[in-house]
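Peer 1: Top line first, the protein sequences correspond to chains A and E.
With numbering that gives the first Met the number 0, the residue at position 101 of the first sequence is 100, and numbering never jumps.
With numbering that gives the first Met the number 0, the residue at position 445 of the second sequence is 444, and numbering never jumps.
A couple of the hints might just be wrong.
Computed footprint of chain A on chain E; a stretch qualifies when at least three of its residues, placed anywhere within it, have a C-beta under 8 Å from a C-beta of chain A [said to hold, decoys possible]:
| # | region |
| --- | --- |
| 1 | 320-328 |
| 2 | 378-389 |
Residues of chain A placed beyond 10 Å of chain E at every Cβ, according to the derived structure [said to hold, decoys possible]:
| # | residue |
| --- | --- |
| 3 | Arg-17 |
| 4 | Ser-165 |
| 5 | Ala-183 |
Beta-carbon label-pair distances, calculated as ranges [stated by the list, open to error]:
| # | chain 1 | residue 1 | chain 2 | residue 2 | range |
| --- | --- | --- | --- | --- | --- |
| 6 | E | Gln-292 | A | Arg-145 | 51 to 59 Å |
| 7 | E | Val-340 | A | Trp-197 | 42 to 50 Å |
| 8 | A | Arg-41 | E | Asp-326 | 29 to 37 Å |
| 9 | A | Ser-106 | E | Lys-294 | 42 to 50 Å |
By construction, these hints were calculated from the structure, which means they are not laboratory data.
Built from N, CA and C at the ideal position, the CB exists for glycine as well.
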Amino acid sequence: MTQPARILLVDDEVAIQRSLGPLLRARGYTVDVSGTGRDALRLFEERTPDLVVLDLGLPDIEGTEVCRRVRAISKAPIIVLSARGADTDKVNALDLGADDYVTKPFSPDELLARIRVALRRLSRDEQDGPTGVLRAGELTIDYDRRRVLREDVEIRLTPKEFDLLSLLAQNHDRVLTHRTILKAVWGPNAVEQPEHLWTLIALLRKKIEPDPARPRYLLSEPWVGYRFAVE
Amino acid sequence: MLDTRRSRPSRRISMRDIFRFRPADFWWLAAGIGAIALTTLVYSTWLPVANPATVSTTFLMLVLVVAASASLGAAVVVSLVSVLCFNYFFLPPVGTFTIADPQNWVAFVAFLTVSLVASNLSARVRSREREALSRRDELARLFDLSRDVLMVTDSSEAISLMARSIARRFDLAFVAIALPHATDWDVFAGGTQKIELDQHQLWSTFAAAQASLEFDASSRTYSGHRTVPSDGQEVTLVPLRSATRPIGVLAAAGRTIEPGTLDALAGIGAIAVERAQFLDERKAAELTRQSEQLKAALLASLGHDLRTPLTAIRIAATNVRDTAMSDEERMDQTSLILAEVERLTRLFQNILEMARLDAGAVAAEARWSHPSEIIEAAESQVEEALKHHRLNVRIEADMPIELDPRLAAAAIAHVLENAAQYAPDGSNIDLTAFVGSDGLVFQIQDYGPGIAPNDLPHVFERFYRGDAAQSRTSGTGMGLWIARGLLAVQSGRIWVENTADAGARFTVVIPVSTKGTVTVAGSSGTQTT
């Protein structure tokens, strides 16, 4: 990616537009700003941004709906700006294809870090292509052979553990909601039984994390879901 | 059943009432005896009659007349007098109380019997009538009392009021409604007398009522009535029952009331107590609900209105610190920070004002001022918010007025701010001040979209924001509520209407004292010194 990444900022608060715009531009991104959902969708098709920063409280269309429509036509990462207390909206947005979220009032560094990670994932996936192998720190995950190595030592995983790990790793640096994970690993009937997930995550952390008490790969997003961090 | 109920009290009452002489009875007695004397005189001197039957019929007629009008006692006395006269003057041997002919004995006894029975019957009919009258009277009183119950409101004052109504409607010197309250009694008394009730007696009456619920057919009451001496008075205690459960005790003294009526009275009292308690509970529940709602609304509003400025300030400050930017950009970020701080300040002030209004801590301090002074103060408070609108001020009231100018200005500032929020940038806002018949009037007319008809009744409710406003950027739903609260402190009013060709028009009316002239010292704003 030689060209600077193009970011579409969608928020109806002028104050946020006026402060976030300069923040992102100063980091070298090209920024388009929109105050309504309709305008945002039009801009998205016109400018094909690399990433969308989306506030969920929009005056015309629901932010979650914007999420769904963007995801239907593009794989561009979506980072949701959400209000504390609007957990349901946040989770819905993630289920509908958003990649990550920050809660207002967020720190600028936090948002910038999320944007960097999301853009890097995008470029990495483009470079790597369908190699069937993911390297993250000391971990190597070989999807085809269903093997996991840490510093060239194989870690033995049960089939369920591998399913969970590969799901998170394939969507690395994205937040997957509990619901999404449960549905993918255990099937649609298990979505109301998060205890499966807690148990399995604990087992998996014991096997792959250098320090299971302070996870480095399998990060928990409290009350929302989990994310696999590559770096 | 109906018959026994009717006859019982009449028997009880007759023995007491029949031999009681009222003044009228003495007149009837005298008239009866006089008439007998006259008849005796007429028959024995001017109109001698041979047949005693004629005499006895005449006497009987007189006895019946007395019996029909006076008490039984008078009738009996008249009967006896007539019997003696009959015997002495007309039954042979005349001039003695002896009777020779056995036939005349029969006539004498028959006469005595008929006159006594007739007197008794007639007296009984009249006592029945009197009883019916008093019953009708008590029914009317109960009826009035039941209407009083409907006026019971939701306070303990209401129960006192009820006790007073019972005392008044039933001419009782003392009435008290006593309600058990953990370990002692709440006594709500009415009537002209004051009697200290013995708590032990209240408890024992209450306990007895809890223990049994028997209907006493002979006295037509439910069990539990007692008459006890209290403070040197005979006080009747009647359990108040709601359904079958006793909820208190009714105490009455000063006049004898029929137990059945007293029972009905206690029933109505119980209904009143229950109603007052029910209304109390409903009010408390309503208050709790409102306060819960308020808390939720406040939290939601705060959450939304704090989050955005805080985020913007944080990011803009980071931009100024970290980023190399032109002076112009730096200015822009700095002014953004200041504007957002201003917004937070305004929010903070609103919350503070709201809390002060809630706590009743806002008081009007009336002083002399001038309409232009108030408008200038209001304008300066919302300068920032009105930056994008044109405010046209027309003051048609050029005289000193007495009111609290600070509160008035603050209220108008809130209305102006509201207008600026909803009318599009660049539009006009007209502010007119004039003195109307009810006081000083301010009209704030905007040229925005107006207010949706279904929002109109609610715009002054706290945290209410119209559907269209929900998604708008600014606005907390506090401003108009505060404006109304500030105005209410000085008996002012505010209302809103949509004008046909423009947006919304808010009208503020504040009752004021005016002065025809501007010569009074101390009136600020108009005097040039």
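Peer 1: The structure should be examined with respect to each hint, and the outcome stated for every one.
Peer 2: Here is how each hint holds up against the structure:
Counting residues of the region 320-328 of chain E whose beta carbon lies closer than 8 Å to any beta carbon of chain A gives 5, which meets the minimum of three for the stated coverage. Chain A is given as covering the region 378-389 of chain E, and this is violated because 0 residues of the stretch bring a CB closer than 8 Å to a CB of that chain, at least three being needed. Not every beta carbon of chain E lies more than 10 Å from that of A/Arg-17, the smallest distance being close to 5 Å; the non-interface claim is violated. Every CB of chain E is more than 10 Å from the CB of A/Ser-165 (nearest about 36 Å), matching its label as outside the interface.
With 10 Å as the threshold on Cβ separation, the claim that A/Ala-183 sits away from chain E holds: the shortest Cβ distance comes to roughly 33 Å. For the hinted restraint 51 to 59 Å between E/Gln-292 and A/Arg-145, the CB-CB distance of approximately 56 Å keeps it satisfied. The hint said 42 to 50 Å for the Cβ distance between E/Val-340 and A/Trp-197, and at roughly 44 Å that hint holds. Under the hint 29 to 37 Å, the C-beta atoms of A/Arg-41 and E/Asp-326, about 34 Å apart, fit the expected range.
Distance hint check: the CB atoms of A/Ser-106 and E/Lys-294 are about 29 Å apart, inconsistent with the given range 42 to 50 Å.
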